[in-house]
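**Q** Chains as they are written, first to last, in my numbering: chain A, 1 to 273; chain B, 1 to 468.
Any given hint might turn out to be false.
With a Cα cut of at most 30 Å, we get these calculated DSSO-like pairs of lysine-lysine [claimed, not checked]:
id, chain 1, residue 1, chain 2, residue 2
1, A, K75, B, K277
2, B, K265, A, K41
3, B, K100, B, K51
Just so you know, these hints were derived from the structure itself, not from any lab.
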Amino acid sequence: MYRIVEKIKLTPTDKMLVIEAPEAARKAKPGQFAVLRISEKGERIPITIAGVDPDKGTVVIVFAEVGKTSKDLGKLGVGDYILNFAAPLGNPLNIKNYGTVLCVGGGVFVGALLFLIKALRQAGNEIVTIIGARNSEHLIFLDDAEKLSDELYISTDDGSRGYKGLEFLKELLNKRKFDHVFTIGSTSMQRLVSELTHPYSIPTTVNLFPIMVDATGMCGACRVIVGGATKFACVDGPDFDGHKVDFDQLISRMRFYNPQEKIAMVYHYKEVA
Amino acid sequence: MQRRNTQVEMPKQDPKERIRNFNEVAKGYTSEMAVEEAHRCLNCKNPQCRKGCPVEIDIPAFIKLIKEKKFGEAIRKIKEKNALPAICGRVCPQEEQCQKFCVLGLKGESVAIGRLERFAADFERENGIINVEKYGSDGGRVAVIGSGPASLTVAAELAKLGHRVEVFESLHTAGGVLMYGIPEFRLPKAIVQSEVEYVKKLGVLFHLDATIGKLTTIRELFESGFDAVFIGSGAGLPSFLQIPGENLNGVYSANEFLIRTNLMKAYLFPRYDTPIKVGKIVAVVGGGNVAMDAARSALRLGAEKVYIIYRRSKEELPARLEEVENAEEEGIIFMLLTNPIRFIGDERGNLKVMECIKMELGEPDESGRRRPVPIKGSEFKMDVDTAIIAIGQTPNPLIQRSTEGLKTTKWNTIIVEEETCQTSIEGVYAGGDVVSGAATVISAMGAGKKAAKAIHEFVMKKRLKSGT
Ligand SMILES: Cc1cc2nc3c(=O)[nH]c(=O)nc-3n(C[C@H](O)[C@H](O)[C@H](O)COP(=O)(O)OP(=O)(O)OC[C@H]3O[C@@H](n4cnc5c(N)ncnc54)[C@H](O)[C@@H]3O)c2cc1C
Ligand SMILES: Cc1cc2nc3c(=O)[nH]c(=O)nc-3n(C[C@H](O)[C@H](O)[C@H](O)COP(=O)(O)OP(=O)(O)OC[C@H]3O[C@@H](n4cnc5c(N)ncnc54)[C@H](O)[C@@H]3O)c2cc1C
Ligand code: FES
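Start from the sequences, fold in the hints, and give me the full structure.
**A** In structure tokens:
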């Protein structure tokens with residue numbers, strides 16, 4: 001059992017939890033994730049680690065309430081317990097001095113992006129950050145991003161704050177030289193970033209979120225095609241070379257269980273009512 | 001009592017009934033049936049059956065006790081050698097082991113040793129007579145990775161010898177394949193958990209959610225004071241066919257299908273949160289226990305037609321005989337000497353058609369079985385909306401990847417010394433599927449016993465040297 005020691009409501013649908021998990025807090029690195037299960041009947045869901053405090057023995061996660069399990073998670077408060085919290089899983093991102101690094105984060109994953117940025121800064125990189133969201137209401141951690149980056153750009157899908165969409169990235173790429181790009185956010189955003197950086201041959205690391213079940217390499221639910229070869233994202237990733245990922249296949253596989261997830265939600269609301 | 005020529009049948013759920021539930025298929029002997037079956041044993045002076053048992057249970061002795069209705073003593077006799085009899089009685093391939101050597105089997109039917117073992121174990125559990133002796137704790141500290149049958153055996157044996165044992169399991173439940181792979185209708189999960197509870201009562205500490213190689217490494221385990229480490233991480237990495245279309249939606253590894261169903265209880269969706277999608281026509285590729293389990297689960301989850309697609313003939317099916325018979329009774333359709341060559345999907349990436357080719361048996365291969373060869377021009381297509389690949393598993397890779405100096409084969413199995421199960425690293429032992437490749441519960445337990453003995457000797461010698 002893992003205790004929740006802090007909870008922050010970031011937007012109407014996005015929440016941050018600080019969870020007591022001392023061993024994981026000593027070990028987890030940017031790019032790794034946790035698999036959690038709230039209760040005995042619960043699903044195992046993967047969530048990226050967005051920070052650790054080894055001294056306090058805590059791990060930070062940031063998540064969006066999109067379905068049954070994430071909504072259940074959002075209902076928990078300080079002092080409540082999560083039944084299972086297996087972390088860290090997956091490979092850490094490669095932290096080193098690349099030179100100038102462009103970090104693009106979207107939506108709820110900006111928390112995870114900042115965990116990465118801190119490490120990249122410490123390794124001596126110059127950091128240019130783009131933070132995006134659906135609209136201004138969903139932009140999170142702007143102050144922290146400002147403090148940690150050498151340059152910060154803001155983008156929203158509807159243009160309610162900052163640039164509208166990611167078109168402006170083309171110009172930025174024309175103007176400046178980047179040694180590496182890291183992106184984490186919705187799959188469509190990561191795909192777009194990879195497509196935009198491809199012509200410039202800038203190495204681009206994406207973080208993939210296929211459906212996972214065990215997340216220890218035993219089921220293959222998470223398989224993705226990278227450079228023509230089948231990889232298991234949970235143990236071979238979740239980070240991959242964005243220029244080699246078959247995004248069409250990934251997106252199709254991510255949708256496979258949507259009808260069932262809807263059933264779970266309907267059942268859930270009936271239960272609640 | 002008159003001695004029967006044939007085995008006492010074990011009562012089973014009616015096939016029409018059972019394909020609609022996940023309750024156990026075989027119901028087990030009553031005490032009358034067990035005594036009647038026990039009377040068939042000739043109590044040979046030189047019992048052949050024992051030779052076929054990888055853990056050398058004194059088979060004639062326990063059967064004699066059942067004959068005398070001393071059921072409590074019978075189970076104690078079994079447990080001298082086998083800590084998990086309720087499980088082995090259900091899942092061992094007895095026809096390849098003890099029963100194969102039974103002299104009655106030469107002319108007619110062997111004694112139903114497995115069913116008697118199961119009866120004795122169930123009798124003990126149902127009557128609450130499990131007694132756990134307390135053991136001293138003057139041994140060393142041993143870390144056991146994984147919690148399948150190999151690890152449970154090592155943990156129990158070492159706890160009894162006075163060692164402080166801690167188990168590290170990456171999933172949220174202990175039991176390995178017994179929990180996540182073998183379905184409820186063949187091995188009820190409550191039985192597995194009661195065996196795990198027994199190991200806990202011996203004083204073994206279980207850490208769940210603990211993936212070695214990620215949360216801690218083997219080196220760190222030694223640094224934190226463990227004297228020895230046992231690796232029982234199993235063979236859970238599913239192999240795929242490597243044919244076109246294999247990543248379409250609707251193509252599962254058997255492991256995904258079974259983990260969703262058993263570990264996550266998707267058959268109780270939406271009361272349990274994890275869903276599973278099963279189409280109308282399901283093709284399971286493979287012929288082992290895993291394939292039978294996947295096929296029979298698919299049927300129970302609502303599939304209308306379930307095929308087993310196997311590239312050799314019926315004789316070569318590696319599954320337990322009883323499970324093949326059960327599958328046939330339940331209406332699983334066997335398409336033998338057939339191999340898939342391509343999966344075809346629709347515009348949304350969902351599986352629609354499987355293309356196969358017919359096979360014939362050629363010369364024997366390295367495994368001694370006749371090699372299947374494709375028949376030119378025999379390709380044909382069949383409509384399927386779910387395919388489940390059950391063609392084998394290789395070892396879980398995380399430990400091999402994170403442990404420097406650990407020698408492995410090209411199949412990623414860990415190399416050990418035959419007699420002691422010691423790996424290339426001093427103080428690190430390994431056994432079960434991670435060493436042998438996917439095998440059986442009882443062989444994993446046999447390896448666990450050997451390893452426990454060697455670990456005990458190693459730790460005691462180490463203690464003696466350091467004077468603690
Ligand atoms: C490596 C990894 C890291 C992730 N990190 C985060 C994070 O930091 N914050 C965050 O909000 N979300 C993250 N996700 C996504 C998160 O796991 C899903 O949002 C969650 O599983 C949804 O469950 P649900 O029951 O609330 O919604 P559902 O209604 O079950 O599903 C909504 C959508 O989530 C996806 N999803 C569902 N089940 C799973 C599953 N078992 N594994 C992966 N995706 C699934 C599907 O694409 C589905 O369309 C991550 C996913 C992966 C694979
Ligand atoms: C569907 C199916 C049906 C079967 N049917 C039969 C049958 O009828 N009869 C029979 O005799 N055999 C059967 N088998 C085979 C049998 O179950 C295995 O041979 C046996 O379970 C192997 O035991 P093990 O202890 O080596 O490993 P496993 O049972 O595989 O357990 C390994 C455990 O280690 C854990 N682990 C892996 N990596 C790590 C890590 N890095 N850190 C921590 N933990 C880790 C895993 O999560 C798992 O729980 C079947 C197998 C399957 C899959
Ligand atoms: S989630 Fe099961 S193998 Fe990756």
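**Q** Given the hint that B/K100 pairs with B/K51, does the C-alpha gap stay at or below 30 Å?
**A** holds, 10 Å
**Q** Just to be careful, I want the Cα atoms of A/K75 and B/K277 compared with a cutoff of 30 Å; is the pair within it?
**A** Judged against 30 Å, a Cα distance of about 28 Å means the pair holds.
**Q** Please work out if B/K265 and A/K41 have their alpha carbons no farther apart than 30 Å.
**A** Since the Cα atoms of B/K265 and A/K41 sit roughly 8 Å apart, the hinted pair holds (cutoff 30 Å).
Hint compliance for this structure: no hint is broken.
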